[in-house]
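Since chain A is already given, all that's left is putting chain B on it; use the hints.
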Amino acid sequence: VAATTTALLERRLLFVSGKGGTGKSTVAAALALLAAEVGKRVLVCEVDAKGNLADFYETAPLRFAEREVQPGLWAMAMDTEASLKQYLSLQMKIPLVARIGPIARMFEFIAVAGPGVKEIVTIGKFCWEVRERHYDLVVVDASATGHIVGQLASPQAVNELVQVGLVRNQTQWMLDVLGDPARTGLVIVATPEEMPVAETIELAQRVRTETNVDLAAVVVNRVLPELFGRGEEEVFDRLANDPAALSEALGGDAGPLLDAAELAVRLRRTRAAHLEHLRNSISPAIPLLYVPYVFLKDHGLRATRMVAEALGQELGL
Amino acid sequence: VKKPPAQRTGAQRLESLLAAKEIVIACGSGGVGKTTTAAAAAAMAATRQGGRVLVLTVDPAKRLATALGLDGFGNEASRVPDEAFRNAGVQPRGELWAAMLDTRQSWDDLVRRHAPDARTAEQILANKLYANISGRFVQSHEYIAMERLYELHRSGRYDLIVVDTPPTRNALDFLEAPSRMADFFSSRFLKLLSAPSRNRLVSAATRPFYLVADRILGSQFLSDIAEFFALFERMGPGFVERARAVERVLHDRRTSFLVITTLEAAPAHEAEFFVTSLNRMGYHLGAVVLNRALPSWLLAEAPARLAARLRDEVDPAVAALAPGLGSEPAQVQRVLCEVADAFLNYQVVAQREAEQKAELAAGPEILVTVPAFDEDIHDLAGLLRLGEALLADG
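Protein sequences, first through last, are from chains A and B. Take the first sequence: its position 204, counted from the start at 1, is 204 in this note's numbering, and no numbers get skipped. Take the second sequence: its position 354, counted from the start at 1, is 354 in this note's numbering, and no numbers get skipped.
Keep in mind that the hints were calculated from the coordinates and are not lab data. No false leads were mixed into what you were given.
With a straight-line cut-off of 20 Å between C-alpha atoms, the simulated SDA-like cross-links for lysine to any residue are:
hint : chain 1 : residue 1 : chain 2 : residue 2
1    : B       : Lys62     : A       : Ser281
2    : B       : Lys357    : A       : Asp298
3    : A       : Lys297    : B       : His269
4    : A       : Lys297    : A       : Ala310
So that you can see chain A by itself, here it is in the shape it has in the complex (with noise of 0.2 Å):
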């Protein structure tokens, strides 16, 4: 397991999903930070217009154009209309066209029209940094469960559709990043709850039969600690019958202690079924990584450096 784990940084590009909740941006913020600190240079971008990737490393609101936000780490917004310039501009030698007026319009209009237009322009921006060698890793904290396999899927789909012109030769070669598994690979989020572990099983199955990405591993976030260990849950049962004598051991009411202590063995029990679960049905060869619940009054760059901590010794480093 530790040869495959450690390869998920070997790679270029690592797009991040899961339910909505399940602190995919954490995940993702967590996993660039954690390259940047063993040396790589990172490129972290996130997808969802409303996104609040910022906030987890305490930075300014970002923008499409990349910033570094941590040594070795930079990060950006996509904007797809954005995107769409430079990829005309870059790539279609089209110079010209940021200039003409009502290309946003125009653009607005294409992308609802023509499929996968906005999808593409997306996924081309990431497959050519890539292509392009600009940085090391590209960590993209990308669309929830819900969008990200028509995302993915996107080059084959307008393959499919477009048989000429300069969109057809493009896709191509993002296929052949998207399909390399030594340069490309999903990473689902889950957390140990039902419905984020039924998704997670089914996006795996999704992006095996519908896509060409390879899926790199599963990070189960909000893991929480096993409270008691063999023996102790005995000992807890007897000091939870009789509360009386823990409340006169302290000198003050015990009862919310032991309260507390319950809720926290109920909580830990549903989610190990889950987890459970998710471990039966998802192929042994995908690596399960397990982040602890952080009990941090707030998530920002602090909470990210324990989550980067918690990935990096899962993966050996």
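Relative to chain A, chain B alone:
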């Protein structure tokens, strides 16, 4: 300007909201329990208030069907059997119906309804771009959800329709979808794309458009698109009118929005955005539901002091308790430390939640808090338990 939190309990108000409205739209970011909350609210309305209640879901997860005692359900509404209620120990006053949005089926229906003739409809349905495009363009999923809601409401079959909303990249896409759809069909670009190719280069104004478009997309693809939109445009007038009607229903007083969120930072932040936007755009915000909240006793100060003291100085407690428990002191020490940590850890989370709650309380008139449940919901009884909590305000 922040309003003080509502004085009346959220519970009564939420129940009367369900009684007074004809459409309740549950929105919120992904993973906060929209579908389940919508179903629980509908089940409660059917149980307590009677009439015919429909829960319309966009979530294809089979779990909800199972919970409702149905083998599955689709675009056509199915009635939740009385037996499912009996098994849950409840005698409902009304009927509960469930339907799931089938995007493709709904689009096909829409095309059939608006095409000028059967031949055009079949041509569109057979077009190779149609499958691809109907699945993607103009937030088609969002639009069709609202369109279907409009259709069901107009049928007059239901006293109340509770609907959840699709997870969107932009939280409010689904609300803007009808007007975007109308704009799309009124756009001059549609006319450009659907213009017969021989007329294309006539106008100097449209020439740059085709030059760029041809170069990017290839002329074959463009003419494929043109053919498709030429067909589609024939449905234009009906579509525009329809999209405007859908928009009117969403703004109507009889329609109310339920913003659902957990008390985690990101969803709560998005919920705030929802509340402001709904108000700004003139929609009727009914209530904000704070889902899966930790119990408030975790916020108490005395046990926190006790836990902190235990963490700092565990030895006296170990010495006092170990003999009575009949266990190794080392073991007792570990257990006591875990107990203290558990309280302190969960208090941090509860404090985080309380802050989010205080921020959210400034906006809406009705704020309902629903506790976190230990177990997942597998049946109607579970849904009704959640519903009871929803109408009892935690």
